[in-house]
Structure formats: C-alpha cells, structure tokens
Amino acid sequence: MVSELINANPTVYEKKERRARSAPSDYADEYAVEPIDQPEVFDHIRDIKDPEHPYSLEELKVITEDAIEVDDKQSYVRVTFTPTVEHCSMATIIGLCLRVKLLRSLPSRYKIDIRVAPGSHASEAAVNKQLNDKERVAAALENPNLVDMVDECLAPSFG
Amino acid sequence: MELSEGACELKLLDRLEGHSDRVWSLAWNPATGSAGVPLVFASCSGDKTVRVWEHAPSPSSASWTCKAVLEDTHTRTVRSCAWSPDGKLLATGSFDATTSIWENVGGDFECVATLEGHENEVKSVSWNAGGTLLATCGRDKSVWIWEAELANEFECVSVLQGHTQDVKMVQWHPTMDVLFSCSYDNTIKVWADDDDDWRCVQTLGEPNNGHSSTIWALSFNASGDKMVSCSDDLTLKIWETNNMNMHSGDGHAPWRHLCTLSGYHDRTIFSVHWSSEGIIASGAADDGIRFFVENKDGLVDGPLYKLLLKKEKAHEMDVNSVQWSPGEKRLLASASDDGTIKIWELASLCTGNGY
Numbered sequence: 000m001v002s003e004l005i006n007a008n009p010t011v012y013e014k015k016e017r018r019a020r021s022a023p024s025d026y027a028d029e030y031a032v033e034p035i036d037q038p039e040v041f042d043h044i045r046d047i048k049d050p051e052h053p054y055s056l057e058e059l060k061v062i063t064e065d066a067i068e069v070d071d072k073q074s075y076v077r078v079t080f081t082p083t084v085e086h087c088s089m090a091t092i093i094g095l096c097l098r099v100k101l102l103r104s105l106p107s108r109y110k111i112d113i114r115v116a117p118g119s120h121a122s123e124a125a126v127n128k129q130l131n132d133k134e135r136v137a138a139a140l141e142n143p144n145l146v147d148m149v150d151e152c153l154a155p156s157f158g
Numbered sequence: 000m001e002l003s004e005g006a007c008e009l010k011l012l013d014r015l016e017g018h019s020d021r022v023w024s025l026a027w028n029p030a031t032g033s034a035g036v037p038l039v040f041a042s043c044s045g046d047k048t049v050r051v052w053e054h055a056p057s058p059s060s061a062s063w064t065c066k067a068v069l070e071d072t073h074t075r076t077v078r079s080c081a082w083s084p085d086g087k088l089l090a091t092g093s094f095d096a097t098t099s100i101w102e103n104v105g106g107d108f109e110c111v112a113t114l115e116g117h118e119n120e121v122k123s124v125s126w127n128a129g130g131t132l133l134a135t136c137g138r139d140k141s142v143w144i145w146e147a148e149l150a151n152e153f154e155c156v157s158v159l160q161g162h163t164q165d166v167k168m169v170q171w172h173p174t175m176d177v178l179f180s181c182s183y184d185n186t187i188k189v190w191a192d193d194d195d196d197w198r199c200v201q202t203l204g205e206p207n208n209g210h211s212s213t214i215w216a217l218s219f220n221a222s223g224d225k226m227v228s229c230s231d232d233l234t235l236k237i238w239e240t241n242n243m244n245m246h247s248g249d250g251h252a253p254w255r256h257l258c259t260l261s262g263y264h265d266r267t268i269f270s271v272h273w274s275s276e277g278i279i280a281s282g283a284a285d286d287g288i289r290f291f292v293e294n295k296d297g298l299v300d301g302p303l304y305k306l307l308l309k310k311e312k313a314h315e316m317d318v319n320s321v322q323w324s325p326g327e328k329r330l331l332a333s334a335s336d337d338g339t340i341k342i343w344e345l346a347s348l349c350t351g352n353g354y
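Line order of the protein sequences matches chains S and E.
Position one of the first sequence corresponds to residue 0 (numbering that gives the first Met the number 0), numbered consecutively onward.
Position one of the second sequence corresponds to residue 0 (numbering that gives the first Met the number 0), numbered consecutively onward.
Only pairs whose alpha carbons sit at most 30 Å apart, straight line, appear in this in silico DSSO-like list of lysine-lysine:
id, chain 1, residue 1, chain 2, residue 2
1, E, K309, S, K110
2, E, K305, E, K328
3, S, K133, E, K140
4, E, K312, S, K133
5, E, K10, S, K72
Just so you know, the hints here were simulated from the structure itself, not pulled from any lab data.
If we strip away everything but chain S, and leave its shape as in the complex, we get (with noise of 0.2 Å):
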C-alpha cells in the first residue's frame, strides 16, 4: 500500500550522548533504593520508533530530556512531546507508544500523564484528553491493528 507520508522530510538531529548509569560503588548500600530520574525515563522512552519514519523520537526531538518531569516521591511522571508537524495524525499513536512503554518500565505506584507541547497541535486539547483517558487507552490496547503498530514502534526501545 502506498501511502504519503504526513511529514515526509522530517528534520533529523543527533542523538544525545548517553550516560553511563553508576555503578554502585563499594561504599554504597547496594540495597539502598535509587530514586528514579528524568535521565532513566529518558533512557526509557528515547529509542522509540516514530510511526512513520526509520528514525527514533530522540533523532527527531519528538521528546527530548528536559520536557520529562518526574517527581519519584510523589510517584509522579509527566511527558510532554512535540509532533514534528502541527497537524500530525500520529500523535495518539506516539502518545499511545509514550504510555505504553513507561506502564511496561515504571513500578505500578507511578501515574503518568502525556501530553504534546503547548502550542505543538492543531488539536492540543483533544489529543490530551484522549491521551489521558485510561478507559480508551485500554481500548485501544485491545485493537490488534494499534497494538501491532505499538509494538513495532517500541521494538527499538528494548534494549
């Protein structure tokens, strides 16, 4: 099936170098709980495929670093992306990819919230909501078609 592409040349920019996670020295309580940060979930997140190109999320600046809050006290992540284009269609979908991948990497206390940037979507609102409403992600997450796409996109992510 040939399809056009919504963005067809998109803007690829460097991966960022990656962090060597410390090794807990000899010093260091080997049992003491690290608390989770914004370069975990990063770590996390970064290598997802976007839905219509080669290229992961990082290589695009769909998500990048800084627009990760996590709070490990409180529990609490939120993941603010950017769509390469205003009108993206794929942005549920790499919502959906964002959800998926830190339901399956986070410990189940954590709430998650995903939303694109503001000002990033012709239609910012109405992607949140659908985004944040778990009685359609799970939904979605039972539609063969959307979880086949899901996963390939998330491949890469498992690492």
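For this one, chain S is given, so just place chain E on it according to the hints.
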C-alpha cells in the same frame, strides 16, 4: 443519624484477589443482605471475566468466597455489570461490543441472552427500577434502551443519539423511568419517554454550572430528588430537582446545579455512590476514597456538603468503582487497577461497634 468528621472510622474488612487484571466495576445484588440471604456482588475486569462473590455466614472461615467465574463469553474487557432489581439477572457490558444477560440457575450462571447493536465498546449497563428496561451505552456515542420481554428476549425500543462523544455511563432514576447518561463530551443528558418516544429533555453542561471535562459516573440519593456526578475535572457536583413536579406528570422537572465539591481529589474521579442513609462515597485515580455528608451546621454561608472522612491509599492504584452494599451494615466495596476488591465498613466511633 448525624455523622460528623472525626466520629467515624473506616475499617478494612477484606481484600479479595482473583482477577488477573484491573477491576473496572462492581455491583451488589440488591436482593441480598437481608432476611438471612447472604450478601452477593459481582465484579468485572480487564481479564475478560466476571466474578460473583458471596459472603460466607460462618464467622470462623474466610468471609468471602468466589462462587462463580463467568468466562469464555466476552472476548474483551468487561467494563460494567448490573443486577436486575429482583437479583435474578446480571447484565454485563463489554469492550467486545456486546451485552450479556446471565441467569442464576441453581447456583450456576448461564448466559441466556446476548444483546448486539453497538458498533464498538459497551461502557455501561443499567436496569430501571421495575426491571423491565435495560439501558446500554458506549463509544459509538449512542444510548440504547432494551425492553425485557418474556423468556429472556430483549428488544431494542430506542437508540438515543445526542452525545457528541463516547458515553461513559447510563443510570436510571431510582423510582421513575427517566434515564441519565454522562459522557466524554462533558455533559449529562436526561432522557424521558414521551408517548413511546424517548427523547432528551435536558442537557446539563458547562453553561449550567456543569462539568468542564469527562463525566465518569453519577448516583442518586434515596428519595431521587438529588444526584451527584463526578468528573475528570476533579470535582463532584450535586444537582437537585423538584420531586413533586416529577410525580405530577406535567412534563419534565428540570435539574439544577446545587453545589460543587472541589479540592478533595487531585486526579480523575471515576466513581461516586450515594448511600441510602445519605453518605456520598467517591473513588479516584489518586488511589483514595472520600466520604461526604450534607452539612447540617445551619451556618448561612457554610458549605452544603462537608467531608466526613478521607482515606488516602485505599488501594495501590486507581480506584475505579465504589459501591455501598444493600442491607443493614454500612459496607462499601471498592475496585481498583491493582486487581483487588476491598470491603470496608464505615463505623461510628460513638456507638461502639457501629451502625
């Protein structure tokens, strides 16, 4: 009974495991809990099953047992369940677009009817007070009214269009055949029968002091002249009507906004239930449960409803449903994304062992 903050405590009686995915909803069998009939309720889940739980009368054994698992019928999440008023039939609505009707035959539950018609996910089911009408709603923005006929036949008598987005819940008025629906479109619609023609007689939206985001649930007080709704906008709203007019038959008595309870939950409020003795319970995505009662302080500028008790961390994850039990005891069941159901007793401290 006068209740006030600090005079009550919430006791966890039981924590029930069995579902292997989030528990979306639960429903007490209204024909149980009195005259020696042990309490029964049903729960439904993302694991595609419905479980029926019964209170074991023996105080020495485990309090609750799972009497039946209704499986291999719905092929996707079971989102909602409701008992007919006589407690003989259980209706279940599923993301698989169907509604099933189950009959308790000598302790076994048989699927006696399957209602098809919705284009996709069914999100809520509700029986009218007489048990003659069943309402269903779903993502296709429609509300269906089915008439129960003899021999477990159900005929669709009306398909109500009016909501502009998916319909989250349907609920019949406790005494009259007036139907209420609430939606992702931020409105509550009131539907009434006008010469066998069901139509929308009122829409409660933001211009009527209504909610500013998805409305997930609503519930009526015992006399049916007040209702409470809960929303993604983090508020609960109380609505009232003139019950006298409603009974006079001179058309529809409109509902009006009475007050808004805000600042009590900090994530989406998914469930609200008004007990027969006037206690409002709410459950939310902040994992907490709150209780409210009418404020009888008599202060002119005082709030109309006040917080009675709050329970933080009632569950490990979102609370999806809270339901008061029928019968004598002040029991509340809660269902959660953590896969468990909890049974609570709201006890008054002043009277010793409660109720």
